[in-house]
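Sequences listed follow chains A and B, in order. Residue 698, in numbering that gives the first Met the number 0, is where the first sequence stops; the numbers in between run on with no holes. Residue 698, in numbering that gives the first Met the number 0, is where the second sequence stops; the numbers in between run on with no holes.
Keep in mind the hints are simulated off the structure, nothing from the lab. Where hints are given, some of them may not hold.
Remember, identical chains collapse to one label, so a pair may be satisfied in a single copy or spanning two.
[Said to hold, decoys possible] Here are the simulated DSSO-like pairs of lysine-lysine, each with C-alpha atoms no more than 27 angstroms apart in a straight line:
no.: 1; residue 1: LYS339; residue 2: LYS24
no.: 2; residue 1: LYS176; residue 2: LYS415
no.: 3; residue 1: LYS589; residue 2: LYS533
no.: 4; residue 1: LYS633; residue 2: LYS611
no.: 5; residue 1: LYS31; residue 2: LYS415
no.: 6; residue 1: LYS580; residue 2: LYS533
no.: 7; residue 1: LYS404; residue 2: LYS339
no.: 8; residue 1: LYS24; residue 2: LYS576
no.: 9; residue 1: LYS332; residue 2: LYS404
no.: 10; residue 1: LYS633; residue 2: LYS454
no.: 11; residue 1: LYS31; residue 2: LYS339
no.: 12; residue 1: LYS232; residue 2: LYS405
no.: 13; residue 1: LYS611; residue 2: LYS589
no.: 14; residue 1: LYS24; residue 2: LYS415
no.: 15; residue 1: LYS176; residue 2: LYS234
no.: 16; residue 1: LYS270; residue 2: LYS611
no.: 17; residue 1: LYS339; residue 2: LYS401
no.: 18; residue 1: LYS339; residue 2: LYS533
no.: 19; residue 1: LYS467; residue 2: LYS339
no.: 20; residue 1: LYS633; residue 2: LYS589
no.: 21; residue 1: LYS633; residue 2: LYS339
no.: 22; residue 1: LYS516; residue 2: LYS580
no.: 23; residue 1: LYS332; residue 2: LYS533
no.: 24; residue 1: LYS31; residue 2: LYS176
Since the structure is predicted, the reported quantities are computational estimates derived from the model, not experimental observations.
Each chain is listed here by its residues.
Protein chains: 2
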Amino acid sequence: MTRSLAPFFSPSGVAIIGTSQDPRKLSHGILKNMTLYGYQGGIYPVNPKADQILGLPAYPDISAVPDPVDLAVAVLPAPMTPAILHACGERGIKAVIIISGGFKEVGGVGVELEKECLQIAQSYQMRLIGPNCVGTMDLYTGLNSTFIEGMPARGSIGFVSQSGAVCGGVVDLIGEKGIGFSHFASLGNELDVNETDVIAFFGDHPQVKVIAAYVEAIEHGQRFIEVVSQVSKEKPIVLLKAGRTDAGARAVSSHTGSLAGSYAAYQAAFKQAGVIEVEDLSSLFDVAWALSCQPLPENNRVVIMTNSGGPAALASDLLASHGFELVEISAEKQRQLAEKLNPSAQVSNPVDMLGGAEAHDFDHCFNVLADQPDIDTFLPMLVPQSLVDPAEVARAIVNQAKTIKKTILACMVGDKSVGEAREVFHSNRVPMSVYPEVPGKVLGAMQSYRQWLEKSNPTPFEFSDLEKARVCDYLHHTERLVLGEVDTRPIMADYGLNLVPGELAADRDQALAVAEKLGYPVVLKIVSPQILHKSDLGGIALNIASAEDLESAMQQMVERINTAAPEAEITGYLVQKMAPKGMEVIIGMKRDPTFGPLMMFGLGGVYVELFKDIGFGIAPMTVEQAYEMVSATKTGQLLQGFRGGPTYDLHAVVDAIGRLSQLALDHPGIDEVEINPLLVLPEGQGAIVLDARMILSEA
Amino acid sequence: MTRSLAPFFSPSGVAIIGTSQDPRKLSHGILKNMTLYGYQGGIYPVNPKADQILGLPAYPDISAVPDPVDLAVAVLPAPMTPAILHACGERGIKAVIIISGGFKEVGGVGVELEKECLQIAQSYQMRLIGPNCVGTMDLYTGLNSTFIEGMPARGSIGFVSQSGAVCGGVVDLIGEKGIGFSHFASLGNELDVNETDVIAFFGDHPQVKVIAAYVEAIEHGQRFIEVVSQVSKEKPIVLLKAGRTDAGARAVSSHTGSLAGSYAAYQAAFKQAGVIEVEDLSSLFDVAWALSCQPLPENNRVVIMTNSGGPAALASDLLASHGFELVEISAEKQRQLAEKLNPSAQVSNPVDMLGGAEAHDFDHCFNVLADQPDIDTFLPMLVPQSLVDPAEVARAIVNQAKTIKKTILACMVGDKSVGEAREVFHSNRVPMSVYPEVPGKVLGAMQSYRQWLEKSNPTPFEFSDLEKARVCDYLHHTERLVLGEVDTRPIMADYGLNLVPGELAADRDQALAVAEKLGYPVVLKIVSPQILHKSDLGGIALNIASAEDLESAMQQMVERINTAAPEAEITGYLVQKMAPKGMEVIIGMKRDPTFGPLMMFGLGGVYVELFKDIGFGIAPMTVEQAYEMVSATKTGQLLQGFRGGPTYDLHAVVDAIGRLSQLALDHPGIDEVEINPLLVLPEGQGAIVLDARMILSEA
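Using the sequences and the hints, build the whole thing.
And the structure:
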């Protein structure tokens with residue numbers, strides 16, 4: 000059993016190994032921070048050349064540090080780290096934070112050094128955070144093992160970040176805003192402890208209500224999904240991913256030495272794990288803060304009460320684009336609103352009390368609307384006016400918030416003039432934004448989390464008819480790395496995928512015999528190890544009605560191939576029954592280095608590339624997730640009868656995705672599979688693999 | 000000739016009509032603001048009950064105010080406004096700002112009152128701003144006719160806003176950030192002066208370099224496009240539109256009493272007018288400020304120099320998603336960079352100088368990279384570290400900015416710890432953001448403006464073969480409001496659109512004769528005034544190969560129609576030659592209440608609704624704009640030979656759009672036209688109207 004992460008946040012005592020006496024050194028800053036925020040355990044600077052630092056007795060080495068001590072913070076040059084870890088292990092230290100850089104991120108010798116460090120730590124059952132990180136904070140124990148200036152307000156957001164700079168930037172950005180945190184953890188190179196470990200730890204921690212994460216690259220993707228999808232059922236996890244584009248991924252890679260998988264795989268994984276992904280740093284905290292303060296909205300119906308129409312219109316746009324609507328206010332309620340507001344006020348939604356609106360006007364709105372059952376969220380907005388005190392309005396609103404059990408988000412458009420109002424709001428756990436575009440984004444994220452919580456128990460795919468052993472054997476014996484239709488047909492069949500009836504024919508006579516047996520009309524396809532994309536070279540003839548047509552089709556095909564690809568060796572012909580009418584889609588799998596089998600679904604033909612209308616998922620997935628992956632695409636809408644169009648066998652598509660997932664899970668040697676096209680028949684009639692190809696790994 | 004707007008910003012003297020002695024009244028606030036910011040002209044409070052207010056002599060009415068005075072600010076109840084305007088006109092006032100509300104936005108009597116006010120103003124050739132607004136500011140003359148607290152820094156952004164609250168919010172939001180403005184104008188109900196007038200005024204004003212606009216609804220769309228597309232060739236116009244969604248539009252409507260046209264029309268108009276549209280309030284000023292400070296980037300190649308990899312990765316993502324790339328740094332430059340940076344620093348792009356980077360490290364980067372010709376933009380980034388002074392780093396960067404003639408944007412992730420740095424940056428006209436997501440957005444907007452400036456001289460559509468008079472006559476005489484294929488064929492032909500050959504037949508015998516004349520294969524279509532969507536009811540039979548087939552097709556069609564639409568009267572049949580193979584697209588026109596003919600282009604069939612892949616434009620448009628409207632869609636990519644596919648006659652599509660535009664411009668009685676499908680033939684072979692319908696206005 001691996002040791003808990005608790006000593007990183009609530010250690011019994013902390014040794015800072017390599018504490019400098021020079022106030023300009025980071026190690027000195029760490030020691031200072033340890034003394035500033037009320038940490039109650041022992042604080043032990045380790046420095047063989049000092050007697051005391053910042054008034055604390057210094058120790059020559061870790062072995063001399065008195066009990067109790069279970070956390071060490073190492074701030075010495077990278078090459079000294081193995082020796083330090085040995086000493087820590089001998090001293091009985093449970094957790095070490097390695098602040099220093101010079102490891103994996105510099106490549107070469109740094110990579111080796113990391114491996115050595117991990118071995119040493121494991122031999123002592125010590126947990127490591129870092130290297131190349133800025134440490135941890137616990138707002139409850141007062142522990143601050145970082146050199147970051149300042150410490151945020153106490154609250155219930157646990158923040159984990161691969162980047163130390165992002166941690167530092169965030170502490171600075173949110174410092175004055177009163178956004179409350181419980182923990183900070185900066186993980187750096189993640190030699191041992193990674194974001195999945197910290198998310199699991201926060202998941203169990205009673206002081207954490209919301210988890211926020213900044214992630215660059217995840218190493219063990221399947222474990223991430225497994226652990227995080229459990230935690231997210233209990234606590235919302237808001238995540239910002241860097242390296243979403245190629246350029247960003249290269250920047251991440253040169254930064255951490257980690258290789259990120261494809262962003263499509265990350266997105267699929269986040270979705271399957273119930274992670275709330277945000278697009279930028281500002282949203283990360285807007286969303287986490289709202290989730291940590293306010294109940295989730297019951298539904299998507301909002302009322303805006305404002306002193307100014309313009310910002311309310313901007314907010315309305317963003318609400319609508321996140322799926323929210325402005326609820327209708329009943330005539331009776333409108334009459335009640337009008338009774339005490341400015342006679343020119345608008346009493347429909349947005350309720351516009353006009354520029355002079357004061358605290359009692361907001362109060363009146365809440366009093367009238369509090370009991371309207373179809374309001375899920377209240378959005379009071381104010382643009383400061385010279386004659387109205389925003390803080391007074393804020394006090395009225397937070398007072399109402401105490402009794403109203405709905406979601407309340409406030410927006411006050413301004414900077415310095417709304418500073419006091421924000422203090423009032425945030426100390427009373429009502430989130431306030433200064434831009435009208437924020438509430439829509441925040442509510443959108445809250446709503447998506449509510450939908451995740453509402454998802455019913457997932458159904459695993461279960462198949463009893465798979466011939467796993469036979470496919471293992473087949474793959475073991477094949478010498479090719481690229482398998483075309485002839486090779487993939489038996490594999491597809493063994494995994495219960497429907498194939499169009501057909502047989503291989505060596506020559507004209509065999510082809511005629513097969514066609515006779517199948518019955519016309521038939522399809523003729525060229526078989527050649529050199530030809531993977533048959534249709535591009537005229538290697539497919541459809542709808543052949545008779546023996547004569549078959550002969551001439553074959554003759555023309557051979558001529559075309561001989562011209563287009565003279566080097567191609569024609570080893571035979573596939574003769575297949577002409578398929579019935581249906582809709583052609585593509586399903587596929589590509590093994591992602593981070594998350595494993597990345598499943599794909601999309602429209603067939605040129606449209607898949609043109610419209611990039613592709614659904615992604617990570618195997619293993621549940622039946623529900625497969626349905627969602629298909630339904631989220633426009634192609635999925637077509638399958639389900641878009642605008643009165645025909646409906647196709649969606650269930651058969653989901654079944655095929657499940658079978659292909661299982662194939663990928665059972666056979667790690669398969670790098671890629673593409674069923675293109677999968678012919679989806681009308682509802683209830685199934686789906687047929689018309690062609691499939693596969694790429695095996697070289698190993 | 001209408002009078003200039005200059006007196007709204009640089010009047011010779013200002014009378015404030017209805018100035019209260021009570022400091023809690025808005026009118027008092029206005030008088031106070033007039034005295035605070037160095038305005039040099041006369042300031043005349045008008046109040047019959049006061050001798051002096053704020054130490055200034057008060058006048059009983061406007062006629063008593065001494066010369067010179069050319070601006071009046073009216074702050075009295077709405078019903079008194081006509082009398083005030085008369086008095087102002089008699090006194091020779093050139094410009095009046097009506098602050099008071101109670102006009103169009105309250106409906107009914109308010110609408111009438113506005114009309115009366117406009118008539119009075121026009122009779123004296125006075126210009127009006129408002130009603131229902133917060134006035135104007137001029138950072139150079141010191142005029143402040145608003146009651147907004149505070150005044151921003153002096154700079155070169157002219158800001159026009161329909162919403163007064165947005166003006167006030169913005170002054171507050173940017174107050175501490177040192178973003179420099181030249182003018183503010185809040186327009187309220189826009190009874191006389193509207194955003195187009197102000198944009199034209201700013202366009203001619205030497206102190207305005209960048210125009211920022213907050214717009215809710217535009218009234219005269221065609222004039223907006225005409226004027227703004229001229230101004231935008233000289234000065235960038237950054238615009239935020241409220242009411243983009245239905246909910247937002249309703250909020251705008253209840254706020255201003257204006258009805259906005261469709262957002263698709265607004266977007267098309269903004270594009271054609273060279274307006275830089277932004278999505279939110281924060282971007283409005285980030286973009287305007289950068290444009291007013293920095294040269295446009297020559298191209299899309301950026302170098303990031305940073306003290307922290309995480310924020311640089313986030314910035315890289317946003318750069319990439321806006322079409323920017325991180326330029327490669329040559330081996331020689333990398334070597335030079337490494338010479339003086341931290342030995343562990345990354346010297347590829349992003350250049351990561353690591354946490355300890357100081358001012359001289361940034362200096363070193365600039366010194367090495369300044370002469371690399373393929374860098375268009377420098378993006379220095381810093382996350383504050385306890386041992387480095389951000390202001391010192393800022394001073395180094397602005398010093399470099401003085402000699403480097405490239406675009407420089409800075410990012411320092413933090414709040415209070417980067418406040419002094421921001422002062423250094425902004426007083427030296429280097430824009431600084433605190434979130435790493437900002438520079439990508441800002442550069443994307445700058446790049447789109449550069450592309451607008453680079454557009455060559457536009458080519459108007461010119462047609463000499465249009466039978467305008469004949470169509471006028473036809474439309475004048477038709478009694479129907481909905482025209483089907485039979486009715487639209489002559490109109491299409493008169494505007495030079497190619498039709499598939501065909502004729503109307505009354506019965507079977509005529510149909511056979513027409514088919515004989517055209518030559519088989521033919522298409523048979525039902526003609527019935529009750530049937531507009533023929534294919535839905537089985538009213539179209541394709542590819543009829545012979546006389547026998549035609550007879551049986553007709554019989555079956557009649558049976559189908561009789562069953563599906565027993566009420567439909569079959570008045571005849573269209574017999575047309577079967578069209579050759581091509582790609583089916585839709586072109587259309589819908590008259591927008593704001594901008595006039597809104598042209599549309601999209602993929603034919605079910606896909607247009609599924610993928611919403613539609614290009615929009617406002618007629619009249621140039622040939623280049625029509626090409627752009629088509630090319631911006633995925634369908635346009637298909638026409639041009641996507642991934643080695645066939646290429647179709649794009650020019651014929653553009654020609655058809657031009658002809659349809661002209662039809663809409665020539666005949667305002669046409670509300671809607673839809674050519675569906677337009678069959679686009681292979682390159683050089685043209686495009687054929689296969690079906691078209693039209694809706695006429697009732698007037």
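request  = Have a look at LYS404 and LYS339 and pick one of within, between, both or neither, based on CA distance no larger than 27 angstroms.
outcome  = within (24 angstroms within a copy, 60 angstroms between copies)
Intra/inter-copy verdict for LYS176 and LYS234 if alpha-carbon distance must be at most 27 angstroms = within (23 angstroms within a copy, 37 angstroms between copies)
query = Within a copy, between copies, both or neither: where do LYS31 and LYS176 come within 27 angstroms Cα-Cα?
reply = within (24 angstroms within a copy, 32 angstroms between copies)
ask   = Between copies, within a copy, both or neither: which fits LYS633 and LYS611 at Cα up to 27 angstroms?
value = both (10 angstroms within a copy, 10 angstroms between copies)
message = When Cα atoms must be at most 27 angstroms apart, do LYS633 and LYS589 count as within-copy, between-copy, both, or neither?
response = Classified as both: same-chain Cα gap 21 angstroms, cross-chain 26 angstroms, threshold 27 angstroms.
query = How would you classify LYS24 and LYS415 at a CA-CA limit of 27 angstroms: within, between, both, or neither?
reply = between (35 angstroms within a copy, 22 angstroms between copies)
query = For LYS176 vs LYS415, is the C-alpha pair at or below 27 angstroms within one copy, between two copies, both, or neither?
reply = Both ways: LYS176 and LYS415 sit 12 angstroms apart in one copy and 11 angstroms across, limit 27 angstroms.
task = Measure nothing new, just compare the shortest in-copy and cross-copy C-alpha distances for LYS580 and LYS533 to 27 angstroms and report within, between, both or neither.
result = both (21 angstroms within a copy, 24 angstroms between copies)
key: LYS332 and LYS404: within-copy, between-copy, both or neither at 27 angstroms Cα   = within (19 angstroms within a copy, 61 angstroms between copies)
query = Between LYS332 and LYS533, at a C-alpha cutoff of 27 angstroms, which is it: within one copy, between copies, both, or neither?
reply = For LYS332 and LYS533, the Cα distance exceeds 27 angstroms both inside one copy (69 angstroms) and across copies (49 angstroms).
query = Quick one: LYS589 to LYS533, C-alpha cut-off 27 angstroms, is that within a copy, between copies, both, or neither?
reply = Classified as within; 21 angstroms inside a copy, 45 angstroms across copies.
key: Copy assignment of LYS467 with LYS339, given that the CA separation must stay at most 27 angstroms   = neither (75 angstroms within a copy, 60 angstroms between copies)
Checked against the numbered hints above, the structure breaks hints 8, 11, 18, 19, 21 and 23 and satisfies the rest.
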